[in-house]
Each structure stands twice: as structure tokens, then as C-alpha cells.
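Student: Start from the sequences, fold in the hints, and give me the full structure.
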Amino acid sequence: MSDGNLAGRAVADHFAPAPPSHLGVAVSGGSDSLALLHLLNDWRGAGGPALRVATVDHGLRAEAEAEAEAVAQVCAALGLAHDTLRWKTRDAGGNLPDQARRARYRLLADWAQSHGFADVAIGHTMDDLTETFLMRLARGAGIDGLSAMRARWQAEGVTFHRPMLGLGRAHLRELLRMRGVSWIDDPTNADPDYDRTQARAVLAALAPLGLDCATLAGSARRLAEARQALAHHARQAAELLASVEAGDLLLERRGFDSLPDETARRLLVAGLRWMTGHAYPPRGTAMTDFLSAARDGRRMTLRGCVLSVEAAHIRLSREYNAVTGMRTDASTLWDGRWHATGPGAAEIAALGPEGLRACPDWHAGGMPHASALAAPGLWQGGILIAAPLHGWANGWDMQLARPLSAYLNTVICH
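According to the working numbering, the stretch in the sequence shown is residues 9 to 422, in order.
Keep in mind the hints are simulated off the structure, nothing from the lab. Just so we're clear, the structure is a prediction, and the values are computed from it rather than from any experiment. Heads up, a few of these hints could be off.
To be verified - Simulated crosslink set (DMTMM-like; lysine to aspartate or glutamate; CA at most 20 Å straight-line):
| no. | residue 1 | residue 2 |
| --- | --- | --- |
| 1 | 96 | 127 |
| 2 | 96 | 106 |
| 3 | 96 | 65 |
| 4 | 96 | 77 |
| 5 | 96 | 73 |
| 6 | 96 | 71 |
| 7 | 96 | 75 |
| 8 | 96 | 164 |
Unchecked claim - FRET-style restraints, in silico, Cβ to Cβ:
| no. | residue 1 | residue 2 | range |
| --- | --- | --- | --- |
| 9 | 307 | 270 | 17 to 27 Å |
| 10 | 190 | 334 | 43 to 53 Å |
| 11 | 77 | 251 | 50 to 60 Å |
| 12 | 123 | 53 | 12 to 22 Å |
| 13 | 188 | 293 | 44 to 54 Å |
| 14 | 178 | 67 | 26 to 36 Å |
| 15 | 190 | 240 | 37 to 47 Å |
| 16 | 293 | 123 | 20 to 30 Å |
| 17 | 251 | 405 | 31 to 41 Å |
C-beta atoms are modelled at their ideal positions from N, C-alpha and C, and glycine is treated no differently.
Tutor: Structural data, given as C-alpha cells:
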């Protein structure tokens, strides 16, 4: 079997035993994504999924538009539909590369769903996996970070696939050369100011010692297996210990105190992600301090959440300061977690001190003061008209969009 057939078989095997009938493909014009496109197109010709291609133009480089057009021409020659997705809504501040990465997956997910696709393939390779491993190692990452790239994951209602994590970039480029296919080299790949460029240089220096891509990728895969085992045990612990009370996460204290630190940390990280919608856990010593606070019975705030320790439970609540300026129409989701139904027009906002004064019986629900402050209520102008979580429904109902089951799923996806 030729090298090209072997690479194609590896890509197809990723989708076994039930490949999708339709598959979206993200293609930038670089060697990795073009290799993926050609291998998938070979499979399409042999009975594989129907394909549609997208190129994301982040609008950050003048060359990006021409590169997207070059991909469109490649697709036309292969008889494939192509779409260019443009990023138009970026924030003025923050981490631009991280914003661009998040936007890329969001655009791809929206694009796939608009065409009825549930699966999108991404051209990451063994080199990407190994470079990510080294970058995270430099940041002192633990098992979750070092297990690096997942072969598949779900986001925004779409399953993303990385079917080439077992294939090296040099091998894929040789396959393209044999087909007479040229590719685009992103100039940032050679910029020494970028962490990934530095990681490539480190890999080249380590290779003579036997620490090459294949070796480090194997270590990352074994760590991924360990991560899955840890997540499995954390999920079992969560099923026994976790409950939800008016949007707060409660963890039975005696059982929590008996957990190993790694399992307990996973339950808290999942709680933060479940409550705030953040995709990633806090970095550095923040989670270490958060776990210590839970162990020591100390109150602590992190990522817009409040950790408090009660006689029977560890409680994780939304922090009032994180939602104090948040106000949405009652017909839309508030804080990414709450939706309301009821008569007439109203807005959802946190109760805060003013809302609690207007709802004197809020103590009857047994909710701690910090939780009650951040709880949602229904407002008309500056007047509170209902507080369903505090026994004053006034015809309104407030439902949590992320129930306990969503928390449990977050634990296993940590």
C-alpha cells in the first residue's frame, strides 16, 4: 500500500465505524489543511462523505482574501463547494490570537449548521499536537494540558474532528509534492516572537536525543488516556455528591473532603465552567488556592463565582459583582443560565440590595445572602415585579438552562 493510501486509510479510520454522510472541511491553504482536503476527496471518490469546504478570513492579514480565493480555486478544480467565512466582530482588547481561534470555531460551527452538517474536519497534525505539548509544558501544565489536542470534540452543536493527529507534517507535504500541489506558508509560522515557532525550534534541538514528534505525541496520547480515567472517576464522584439549589452548585462536604485533590479540583473546575460558561479553567495557582479554600472552609471568589463552606455542603454561587450590570429582556437568556416565562413585558436582572428590600420574605427560601443578591428577578424599570426563586412568582416562572445534568457532562468533558 502506498504512503498516500496509508495516510488516507488513517484519515478514514478516524471516522469508523459510522462515518458521516456529509462532512465540512476547514481549509486555510496551508500544507496541513490542503493535505486533509485531498485525502478526504480521495475518500469521497471511493464512497466516503460528501464534502463542503470553508476558509476563515480573520481580516488580520492583507493576504488572507487572496488565500481564501486560492482555496476556492482548488475546490472548484475538485468539484467541491467552497465558502469564505469572515470574522467581523472582534473585541478591541484582550488576547487577539485566542479571540481569533474562538471566532474560527464559532464561524465554522454556524456555517456547518447552516448547511445541515454535524461534523467538521480540521487539519491539525502530529506536529501541532507535539508543539502544543511543549508550549503547555513550558507553562507548567498538568495532565489535562499536556494531554493536548483531542481527536474529536463537540462545540456549538457540531462535532469537530482532527483525523490527522497520527500523521506528520513532513510526510503530508511530500504527498502534496508528489501530486504537484503547492501550498501557502503563513509568515507568522516563521516569526520567532510566536510560542509555536519557538516550540518548533525546540523540537528540532530535541530530536537528536530521541525526543521527536512521534515520541512526544505518544506521551501526549498516554496522558489523554489518563485524563479520561480521571474524568470518569470524577463523574462518578459528582453523581454522588452534587446537587443544584436555585442555580447554586452544592457538593456534599464530607464526601468532598474525602476525595483526592485531583478529583476534588475537577469538580470545582467543572462548577466554575458550568456556572460561568467559560471554556477553560483558571490558570496558575488560582485553582490551587480555590481548592485550598474549599478544604480549609474559607470563602473565596474566582471567575465571577463565590465559594462558601457550610456545615453540610461546599457551595458555589454566582458573584453579585459579576452580574450587577447585566440586564436582558425576559424573552432572552440571562447570564447564559436563566430564562423566564410569564405575563407581559419585563426585564431580568439580579435582585441586588434593592431587590431584596422589595422582597422581604426572601429568607424563607433558605438561600444565603450572597446567592440571593445575584439571583435573577423580573423588573419593570426600577420596580421589582417578581422574584420566582424567592417564593414571589406573581405569575412568572424562572428556569435554569443548565441543570444538574449539564454540570455532570461538564465534569466528564473537563
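Student: Hinted pair, alpha-carbon criterion (20 Å max): residue 96, residue 164. Please report holds or violated.
Tutor: holds, 19 Å
Student: Holds or violated: are the alpha carbons of residue 96 and residue 75 at most 20 Å from each other?
Tutor: holds, 18 Å
Student: May I ask you to test the hint 26 to 36 Å on the CB atoms belonging to residue 178 and residue 67?
Tutor: holds, 31 Å
Student: If I claimed the Cβ atoms of residue 190 and residue 240 lie 37 to 47 Å apart, would that claim hold in this structure?
Tutor: At roughly 45 Å between Cβ atoms, residue 240 and residue 190 fall inside 37 to 47 Å, so the hint holds.
Student: For the pair supplied as a hint, residue 96 and residue 77, is the alpha-carbon distance within the 20 Å limit?
Tutor: With Cα atoms ~18 Å apart, residue 96 and residue 77 stay inside 20 Å; holds.
Student: Does the Cβ distance between residue 293 and residue 123 fall inside 20 to 30 Å?
Tutor: At 44 Å between Cβs, range violated.
Student: Can you confirm whether the C-alpha distance between residue 96 and residue 71 stays at or below 20 Å?
Tutor: holds, 17 Å
Student: Can the restraint linking residue 96 and residue 106 be considered satisfied, given a maximum Cα separation of 20 Å?
Tutor: Holds. Residue 96 to residue 106 sits at ~15 Å (cutoff 20 Å).
Student: Verify the proposed pairing of residue 96 with residue 127, using a straight-line Cα cut of 20 Å.
Tutor: Distance of about 24 Å is beyond 20 Å: violated.
Student: Between residue 96 and residue 73, does the CA-CA distance stay at or below 20 Å?
Tutor: holds, 14 Å
Student: Using the C-beta atoms of residue 307 and residue 270, is the stated range 17 to 27 Å upheld?
Tutor: Hint holds: Cβ distance 23 Å, inside 17 to 27 Å.
Student: Within 31 to 41 Å or not, the Cβ separation of residue 251 and residue 405?
Tutor: Given a distance of about 21 Å, which is not inside 31 to 41 Å, the answer is violated.
Hints 1, 16, 17 from the earlier list are contradicted by this structure; the remaining hints agree with it.
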